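Q: Protein chains in written order, with the working numbering: chain L, 1 to 100; chain X, 1001 to 1143.
Calculated directly from the structure, the hints in this document are not laboratory data.
Some hints here could point you the wrong way.
[As the list claims (entries may be wrong)] With beta-carbon atoms standing in for the labels, derived distance ranges:
no., chain 1, residue 1, chain 2, residue 2, range
1, L, Met1, X, Leu1054, 32 to 40 Å
2, L, Val83, X, Trp1111, 36 to 44 Å
3, X, Lys1119, L, Arg37, 36 to 44 Å
4, X, Lys1123, L, Gly19, 16 to 24 Å
5, X, Trp1088, L, Val64, 17 to 25 Å
6, L, Pro66, X, Ala1120, 14 to 22 Å
7, L, Arg68, X, Val1127, 21 to 29 Å
[What the hints assert, rightly or not] Facing chain X, a subset of chain L residues (Cβ under 7 Å, in silico):
no., residue
8, His4
9, Ser9
10, Phe10
11, Leu18
12, Ser30
13, Phe41
14, Leu47
15, Ala50
16, Ser51
17, Val64
18, Leu70
19, Lys71
20, Ala82
21, Phe88
[Claimed, not checked] Footprint (simulated), chain X over chain L, 3 or more residues, beta carbon under 8 Å:
no., segment
22, 21-27
23, 75-81
Just so we're clear, the structure is a prediction, and the values are computed from it rather than from any experiment.
From the three backbone atoms N, C-alpha and C, an ideal C-beta is built for every residue, glycine too.
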Amino acid sequence: MDWHLLGLSFVTVFISELGDKSQLAAIALSGRGQSVRAVFFGSAAALLLASFLGALAGGAVAEVLPTRLLKAIAAVGFAVLAVRLLFFNNEESLDSEQTP
Amino acid sequence: MKLDSAPVILTGVSASENQPELTASTESRLANAIFEPIQPVASADSQKKQGSPLIVFTTTFITIFLAEIGDKTQLSTLLMSAESHSPWVVFLGSAAALITTSLLGVLLGSWISKQFSPKALDKSAGVMLLFVSAMLFWDVLQG
Chain L
1 MDWHLLGLSF VTVFISELGD KSQLAAIALS GRGQSVRAVF FGSAAALLLA SFLGALAGGA
61 VAEVLPTRLL KAIAAVGFAV LAVRLLFFNN EESLDSEQTP
Chain X
1001 MKLDSAPVIL TGVSASENQP ELTASTESRL ANAIFEPIQP VASADSQKKQ GSPLIVFTTT
1061 FITIFLAEIG DKTQLSTLLM SAESHSPWVV FLGSAAALIT TSLLGVLLGS WISKQFSPKA
1121 LDKSAGVMLL FVSAMLFWDV LQG
C-alpha cells in the first residue's frame, strides 16, 4: 500500500469537495432533520459510484456520457426540490410545527 | 482401526461445513420474515410526513450522482496521473474523502436543524438548493 499516494489523494479530494455543490446539497437536504441517515447514505453512495466510474473510465467519462445533459438534469432536479421547499410546503411545515 | 476412524473425521467435517450454511439460510429467511411486515407500516407512516427514507435516499442519490458524474474531471486527471502507479489507492483515498465530506455535511445539516424553526429551515434549505442548481446551470453554460 502506497500510503503517501493514499494520503495525497484523500487530501486533494477532501479539499476540492469541501464546500462544493454536493456537500451544500447534503447540508440542505439533511437540514430538515428528517431521515438524516438516508441523506448520508444517498450522497455517499452517489459520490462513491461517480468516482468509481471515473476510476474505471479514467478520462473517457466525458466522451462516453452526455455529462452536460446529465448536469442540466441534476440542476433541474435541485431546482424542483428547492421550489417544492419554498412554495409548496406550507401545510407540511405547519404540520411539523404542531407536532412538537 | 484406521479405516474406521477416517469416516468419523469426514462426517465430522461435513457436518461442521453444513452447519454454517444452514444457519445462514435460516437467518436470511428470518430477516425476510422480519422485514416484510415492517415495510408496509413504514410506508404508511411516512405518507403523513414528507418523504419516506427510501424516497429521500433515492432523490439524494440521483441528484448528487447526476451532478457529480459530469464533475469528475479533476478526479479523473488525478487518476490518470496516478495510473502508472496504482489507481485503486487513489480511488480508496478519494472514496474516504468523499464519505468524510458527506458525513460532515450531514452532521452540519442535522446540527443546523436543531437550531432554527422548521419554517426558517425550509426557506434556507430551498435557497441553498436553488444556489446549487444555479451553480450547476452555470457549469453547463460554461461547457
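Q: Could one say that the CB atoms of tryptophan 1088 of chain X and valine 64 of chain L fall in the range 17 to 25 Å?
A: holds, 21 Å
Q: With chain X as the partner, please determine if valine 64 of chain L meets the hint condition of a C-beta pair closer than 7 Å.
A: Interface hint status for valine 64 of chain L: violated (10 Å vs cutoff 7 Å).
Q: Has the hinted range 36 to 44 Å been met by the Cβ atoms of valine 83 of chain L and tryptophan 1111 of chain X?
A: The hint (36 to 44 Å, Cβ to Cβ) is violated, given that valine 83 of chain L and tryptophan 1111 of chain X are roughly 26 Å apart.
Q: Does serine 9 of chain L hold up as a contact with chain X if the rule is Cβ-Cβ below 7 Å?
A: Nearest chain X Cβ about 3 Å off; hint holds.
Q: Go through the hint on leucine 47 of chain L and say holds or violated, using the shortest Cβ distance to chain X against 7 Å.
A: Holds - the Cβ of leucine 47 of chain L comes within 7 Å of chain X, reaching about 4 Å at its closest.
Q: Does the Cβ distance between arginine 68 of chain L and valine 1127 of chain X fall inside 21 to 29 Å?
A: Once the Cβ atoms are compared, 25 Å apart, the range 21 to 29 Å for valine 1127 of chain X and arginine 68 of chain L holds.
Q: Given a hinted range of 14 to 22 Å, is it respected by the beta-carbon distance of proline 66 of chain L and alanine 1120 of chain X?
A: violated, 38 Å
Q: Should the interface hint for serine 51 of chain L be scored as holding, given a Cβ-Cβ cut-off of 7 Å against chain X?
A: Serine 51 of chain L check passes; min Cβ-Cβ to chain X is 5 Å, inside 7 Å.
Q: Going by Cβ atoms only, is phenylalanine 10 of chain L closer than 7 Å to chain X?
A: For phenylalanine 10 of chain L, the interface hint holds, since the closest Cβ of chain X sits about 4 Å away, which is under 7 Å.
Q: Is the coverage entry for the segment 75-81 of chain L by chain X consistent with the three-residue Cβ rule at 8 Å?
A: Held - the segment 75-81 of chain L has 6 residues with a Cβ nearer than 8 Å to chain X, which meets the minimum of three.
Q: Does histidine 4 of chain L meet its interface restraint, that is, does its C-beta lie within less than 7 Å of any C-beta in chain X?
A: violated, 9 Å
Q: Taking 7 Å as the limit, does the beta-carbon of leucine 18 of chain L come near enough to a beta-carbon in chain X?
A: Because about 6 Å separates leucine 18 of chain L from the closest Cβ in chain X, which is inside the 7 Å limit, the hint holds.
The structure is inconsistent with the numbered hints 2, 3, 6, 8, 17 and 21, although it conforms to all the rest.
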